[in-house]
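J.: Chain by chain, the residues run as shown.
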Amino acid sequence: MRIFLLVFSIALSLLPATAPAATIEMDVNGLVCAFCAQGIEKKLRAFPATADVVVSLEKKLVAVALKPGQDISDSDLTAALTNAGYSVKAIHREDESLDAVRARLKASGS
Amino acid sequence: MSYEFSNGRLIFAAALMFPALVAAKPIAFANGTTIMAEYGAGTMEEVQAFYAPYYWLSLGGGSLRLDSDETDRTRSIEYLRVNYLAKRWNLDDAQANVFVWGGLGTATGNDFRGSRLDRDAGFQADYETRRVYASFVSDLHESSAYSHRVDTLQLGFAPHETDYHDLAVWFVLQARDYTGDIHRGTEYAALLRLFKGGAWVEAGFTGDGKPQIMMMFNF
Chain U
13 MRIFLLVFSI ALSLLPATAP AATIEMDVNG LVCAFCAQGI EKKLRAFPAT ADVVVSLEKK
73 LVAVALKPGQ DISDSDLTAA LTNAGYSVKA IHREDESLDA VRARLKASGS
Chain Y
2 MSYEFSNGRL IFAAALMFPA LVAAKPIAFA NGTTIMAEYG AGTMEEVQAF YAPYYWLSLG
62 GGSLRLDSDE TDRTRSIEYL RVNYLAKRWN LDDAQANVFV WGGLGTATGN DFRGSRLDRD
122 AGFQADYETR RVYASFVSDL HESSAYSHRV DTLQLGFAPH ETDYHDLAVW FVLQARDYTG
182 DIHRGTEYAA LLRLFKGGAW VEAGFTGDGK PQIMMMFNF
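Taken in sequence, the protein lines are chains U and Y. Numbered continuously in this note's numbering, the first sequence closes out at residue 122. Numbered continuously in this note's numbering, the second sequence closes out at residue 220.
Calculated from the structure, these hints are not laboratory results. Glycine is no exception: its CB is placed at the ideal position from the N, C-alpha and C atoms. Incorrect hints may appear among the rest.
For lysine to any residue, the following SDA-like pairs were computed, each having C-alpha atoms within a straight-line distance of at most 25 Å [to be verified]: (1) 197/Y to 144/Y; (2) 72/U to 211/Y; (3) 72/U to 105/U; (4) 118/U to 86/Y; (5) 54/U to 86/Y; (6) 211/Y to 156/Y.
Derived contacts from chain U toward chain Y, CB cut-off under 8 Å, selection only [said to hold, decoys possible]: (7) 49; (8) 51; (9) 59; (10) 70; (11) 96; (12) 102; (13) 103.
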């Protein structure tokens, strides 16, 4: 039993301190039309770690859901949106699912 | 190349007052393809296809036909063109752009023999929010046999804001001026624009009742 607890403790200590966020949200400037959204969605879906993407013109928000255990760095996301022709104001990592983000946007009228 | 201003001065002046803009952009987004077709009141017909490797550059070509309503002149121009995003402003609730382009092609017409080398140059400036938009496009085609410039000013408004997957509805007023004896005076048009996702359709009538239709697809 003592050996089991020791192995379990070691295993726990090897886990990353924080698991990757479920969803990454980005505040984006210049997001005014469907073509903008289309270009951004295409760029972000090209990441292997991307599970899904939501774009809200109303909230000037782009949200990316990550595949389990995967991540995309802030610098890669900023580069992707800059290379799509847009300006990233802020990046937030959230624990809520993309469906929850959709529901929140819908509730706020977006 | 001559870039003289004719009676399109009014349009040009108006375009300067509005921080210019354009509707259909020659570069939609990086790694995107744009296909556009326009029927302009029997005076101008144009088809274009561009591929954008970057958000600031697209390459492609088009076919332009001009039919003068002043004379019996016609022009058929096939060209290759490079579009460049010279400047973009990403604002909190708006975006503005300046595009420039240049190209070469071949042209035939019914008032000169054979084909001529066509030189194409132009620019477009646009400003757009989710409710208001304005654009000015100036496109010059010139050869040893002719010089034609088409200036188009569009002002549009949306009755309500829409989001990405909604059908966007815009009302657009347009003023267009042709140089080179293609059309006398400024041609005005009222247009209804609809777009959703990557598809865009714009249709309406000019002041003298002629139809104008434009379609664009981005993918």
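J.: Hint by hint, note whether the structure agrees.
T.: For each hint, the structure was consulted:
As the CA atoms of residue 197/Y and residue 144/Y are separated by approximately 38 Å, the hinted pair breaks the 25 Å bound. For the given pair, residue 72/U sits about 39 Å from residue 211/Y by alpha-carbon distance, which is inconsistent with the 25 Å threshold. Of the supplied pair hints, the one linking residue 72/U and residue 105/U holds, its CA atoms being roughly 16 Å apart against a limit of 25 Å. A C-alpha spacing of about 34 Å is found between residue 118/U and residue 86/Y, which places the hinted pair above 25 Å, so the restraint is violated.
The straight-line distance between the Cα atoms of residue 54/U and residue 86/Y is roughly 20 Å, inside the 25 Å bound, and the hint therefore holds. Proximity of residue 211/Y to residue 156/Y is assessed by CA-CA distance (about 19 Å); at most 25 Å being required, the pair is judged to hold. Because the smallest distance between the Cβ of residue 49/U and any Cβ of chain Y comes to about 4 Å, under 8 Å, the interface hint for this residue holds. With its C-beta approaching chain Y no nearer than about 2 Å, residue 51/U sits inside the 8 Å limit, and its interface hint holds.
At about 14 Å, the closest approach between the beta carbon of residue 59/U and any beta carbon in chain Y exceeds 8 Å, and the interface hint on this residue is violated. The closest approach between the C-beta of residue 70/U and any C-beta of chain Y is roughly 6 Å, which is under the 8 Å cut-off, so the hint is satisfied. The beta carbon of residue 96/U comes within 6 Å of a beta carbon in chain Y, closer than 8 Å, and the hint placing it at the interface holds. The beta carbon of residue 102/U comes no nearer than 13 Å to any beta carbon in chain Y, farther than 8 Å, and the hint placing it at the interface is violated.
With its C-beta approaching chain Y no nearer than about 16 Å, residue 103/U sits outside the 8 Å limit, and its interface hint is violated.
Taken one by one, the earlier hints fail for this structure at numbers 1, 2, 4, 9, 12 and 13, listed in ascending order.
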